[in-house]
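In the numbering used here, the protein residues as written are 33 to 367.
Heads up, a few of these hints could be off.
Claimed, not checked - Taking CB as the label site, the calculated pair distances span:
(1) D159 / V204: 23 to 33 Å
(2) H119 / F311: 45 to 55 Å
(3) L169 / H203: 25 to 35 Å
(4) Q292 / A180: 37 to 47 Å
Note that these hints are calculated values from the structure, not bench results.
All C-beta atoms, glycine included, are put in the ideal place defined by N, C-alpha and C.
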Amino acid sequence: MAQQHMGVSIIVPAYNEEESLPTLHGEIARALDGLDMPWQVVYVDDGSCDRTFEVLESIASRDDRVVVVRFRRNFGQTAAIAAGIDHATGNIIVPIDADLQNDPADIPRLLAKIREGYDVVSGWRRDRRDPFWKRRLPSMLANSIISALVGLRLHDYGCTLKAYRRDVLDHVQLYGEMHRLIPAYTASVGARITELPVNHRERRFGRSKYGIVRTFKVLLDLLAIKFLTGYLTKPIYVFGGWGLALAAAATALTTVVAVQKVAYGVWVHRNPLAWIAGFCFVSALQLMLMGLLAELVARTYHESQGKPTYVVRQVVNHHERVADVRHIRVRQHLS
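Taking the hints into account, I'd like the entire structure generated from these sequences.
Following this line, the structure appears as structure tokens:
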């Protein structure tokens with residue numbers, strides 16, 4: 033029997049945040065106690081080397097709505113959020129940073145938007161309290177590039193504070209820094225997404241664990257997301273498309289080489305265009321073969337695991353339709 037998910041689950045990845053966690057939990061409790069739905073907080077200790085786990089154990093001993101997951105080592109924020117989702121019981125998932133820069137008082141506002149019918153509500157740190165050159169400028173550039181590539185205009189992909197309906201996360205597997213790109217992934221399967229300005233506060237304890245290197249990691253993950261969401265079931269379109277382009281370029285260059293030989297007596301082996309044409313032909317052949325191999329891998333991936341190539345939002349008259357399909361299959365089997 034499928035697990036029944038109810039209420040809202042707050043996911044808090046924490047790495048060396050012993051000072052901020054007691055304050056954060058108090059703020060979360062005050063923000064959610066007035067809700068007309070059950071709630072829980074899933075804290076994930078991402079291999080902290082301070083007293084983070086001891087603090088979380090103490091919080092859990094006083095509040096049975098708290099679940100604590102402890103990693104053996106530091107796996108990163110994306111893995112921590114994935115673990116939090118796996119251990120959550122709510123049908124609405126809300127990740128939030130542990131450093132107190134996100135404001136838990138904004139959570140009810142996100143949930144109100146979910147009730148309006150949205151699948152994803154993305155927080156927007158419009159008045160961000162971070163250094164401009166080190167944090168805000170790289171973030172602005174990354175947000176612009178992501179929006180242009182995925183066709184989803186959001187001001188702040190990097191804001192951890194978001195709200196998701198659980199069913200839009202069922203098909204999402206998180207790797208690298210991909211927790212920031214979940215809205216882009218869900219948009220590719222038809223999720224209804226909106227953005228909501230949220231409060232952003234200065235860091236009170238410790239120092240940031242993020243740097244400009246993370247921006248480049250996110251951009252590399254974006255390329256993976258773009259491929260997985262757009263071409264996972266048809267990789268030949270990517271490799272074959274570039275292969276055909278190179279084959280066309282090679283054909284054009286070969287024509288130029290032939291004209292130069294006939295009209296001007298230019299020796300083929302001394303013509304650099306001939307070498308470029310040969311390179312293009314070989315590269316085109318390799319890309320075509322890679323596309324065919326990728327097609328085999330993609331089909332094996334979907335068929336061996338029974339993974340569908342589509343995502344269903346809703347089914348009407350489910351039992352009747354299932355009965356009709358079964359009846360047709362029985363008739364086909366008997367015939």
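Here is what the structure says about each hint:
1. D159 / V204: 23 to 33 Å: holds, 30 Å
2. H119 / F311: 45 to 55 Å: At roughly 52 Å between Cβ atoms, F311 and H119 fall inside 45 to 55 Å, so the hint holds.
3. L169 / H203: 25 to 35 Å: holds, 34 Å
4. Q292 / A180: 37 to 47 Å: holds, 41 Å
Checked against the numbered hints given earlier, this structure breaks none of them.
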